[in-house]
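Throw the hints in and build the complete structure from the sequences for me.
2 protein chains.
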Amino acid sequence: MSQDATTEGDLRNTGMSLRHDREWDYELDRIVDAVEDRDADRVGLQFPEGLKRRGPAVADDLRALCDNDVTFLLSGQPCYGACDLDTFLMRRTDVFVHFGHSPMKESDKIIYVPLFSNVDPFPIMEEAVDDLPEEDVGLVTTAQHMNRFDEMVEWLEERDYDVHTRRGDDRLTHEGQVLGCNYASADIDAGQVLYVGGGKFHPLGLAMEHPDKRVLIADPVNNVVTLADTEKFLKQRYGAVHRAMDAQKWGVIFCTKIGQGRMDVAESIIEDNDDAYLITMDEVTPDRLRNFDMDAFVNTGCPRITTDDGPQFHKPMLTPGEYRIAVGDKPLDSLSFDTFHGTW
Amino acid sequence: MSQDATTEGDLRNTGMSLRHDREWDYELDRIVDAVEDRDADRVGLQFPEGLKRRGPAVADDLRALCDNDVTFLLSGQPCYGACDLDTFLMRRTDVFVHFGHSPMKESDKIIYVPLFSNVDPFPIMEEAVDDLPEEDVGLVTTAQHMNRFDEMVEWLEERDYDVHTRRGDDRLTHEGQVLGCNYASADIDAGQVLYVGGGKFHPLGLAMEHPDKRVLIADPVNNVVTLADTEKFLKQRYGAVHRAMDAQKWGVIFCTKIGQGRMDVAESIIEDNDDAYLITMDEVTPDRLRNFDMDAFVNTGCPRITTDDGPQFHKPMLTPGEYRIAVGDKPLDSLSFDTFHGTW
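Sequence order for the protein chains is A and B.
Everything in the first sequence is counted per numbering that gives the first Met the number 0, starting at 0 for the first residue and increasing by one.
Everything in the second sequence is counted per numbering that gives the first Met the number 0, starting at 0 for the first residue and increasing by one.
To be clear, the hints were calculated from the coordinates, so they are not data collected in a lab.
You may find that some hints are simply not true.
When chains are identical, the list treats them as one kind, so a pair holds in a single copy or across two.
[As the list claims (entries may be wrong)] Taking lysine-lysine pairs in the DSBU-like style, the calculated list, with each CA pair at most 35 Å apart, reads:
hint, residue 1, residue 2
1, 329, 108
2, 234, 108
3, 199, 104
4, 199, 314
Right under this line is the structure:
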């Protein structure tokens, strides 16, 4: 395993040394076809945070390919997933293009351009198999690498692994795909799961949702193999639950983003607790919650805001399941990852 | 005039030493009547930033007065005016209450509760008249003090002033009312205008929109009389225009807030300039604009974001009029306040 300092972060011959923007496929032809088919006047373009800088250049390319009277509008709203469509822009444009994520729910109006990565996953998978001792292995990846998924399965099978894959629930588009909030594709009959993809965001969620499984990360972007270690996160979760046990006043957050609404969960808390207040917002940020004089918060929106950004908030923020522990409805050992099911 | 340090900020016997929350009129009866009339299940409550902390207590009072099955939802979205309704919450509740502003546009769905101030304006007006040498005087105030406006007019008339008042355009509800973005009510035949109200936000906008008039501030909240001085603001505006003169790539911001949309203005810029990109968002913040690699921005949304928060952005941000100066369409001396007309 390449966990030592000499290899972690070694970017030679990896994706980070490539010029991704030159290689990524924005699928302009597919967009231009839709603009022409629908005789569109206004076209909305939405990029996730890390790719927003590419927006103007993509708009330039599209302007060169479309009639002069087509107006392109770039979404300036924060965007963190396919759950997070800019519905204002979507409703006010004839064609709406969402880049960087696969469909959470298909719609004639929306063109999803997943932006497949051109990074070769196999060199780092070659390193990873040294640390996959069992024959049965689950395989998962993100939207960016789905175009190589079948190849990855074959590659592992050629090395005599029994590869377990599944499509999760209807929140996921593809077999083997994970989202930050949903790891149903790893609900397979194997004790070890290989995650192929960049960063630790997804595998940490995966390991939290499946604490019984060993999650190995083959990261072809940063050229590193590591084991997902949830210890820090779990300590934070238990800490937040304990700090919230004395809370009197609870703010219950309902997130208004199209794919993050769980009103039934929010209302069930309000109904049982006279000291709970329902607060609605799109972006759940420390600044916005500071306006409310609560002892603790429950976030029914994105669970990764709760688990990853939780320590940045001025008061403990819990998932709905953790709330039930804090108020004594459930035992402490029921603490688990707040998987997000369904679409909208 | 009380501009010296001993009186400015002296809060004895002023509004700041009162417990406003005990005195302000949340008009609960009017809200409860609407809830009963409409047999409402869900009631949305929206407060501006400075009053969001009061929300839970107001919800408690309303819960005590309404049937148990009515759910109250507090908006956690930022809110800076009647232009800034939480349309998500409005559309998903049976009664939607907007506190702290007067109606920009009437609607059966919305209950506007202006939250009239209980601060007595006359002691500070008594000080202010020492610095109102001319007989003709314009009088303006904000939504919070409109309940005393007629009394203020009488009070000045008793002191032999010829008081000029008018209702501005259809963005304003009341005669004599100003908004942060509209001072049409001061478009009167007098060289001096008395502004009665808290803070300098409104009178500075007033003085920018009417540079030919002397604007005297009688602030009954902070117990101080001052002259509105726009020098700092104007220096910043001219500085921003000059810095933007070399800009190649322009980001043109269309604000999606219900009362801040000027798509015609945004599109007219895009049509004339191939290096201009249309960007849509609700909150216009430095963080959000940092995602876009532009040389300068034009904000067609709230002009006070541009003038008051402008220096916080990483690149010059101009009003649409200032943009025309920066690109050479208009002379420098045409620089003026970006008044916002109309509703939605």
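Practice item. Check each numbered hint from earlier against the structure, then list the numbers of those it violates in ascending order. Key: Those not satisfied are hints 1, 2.
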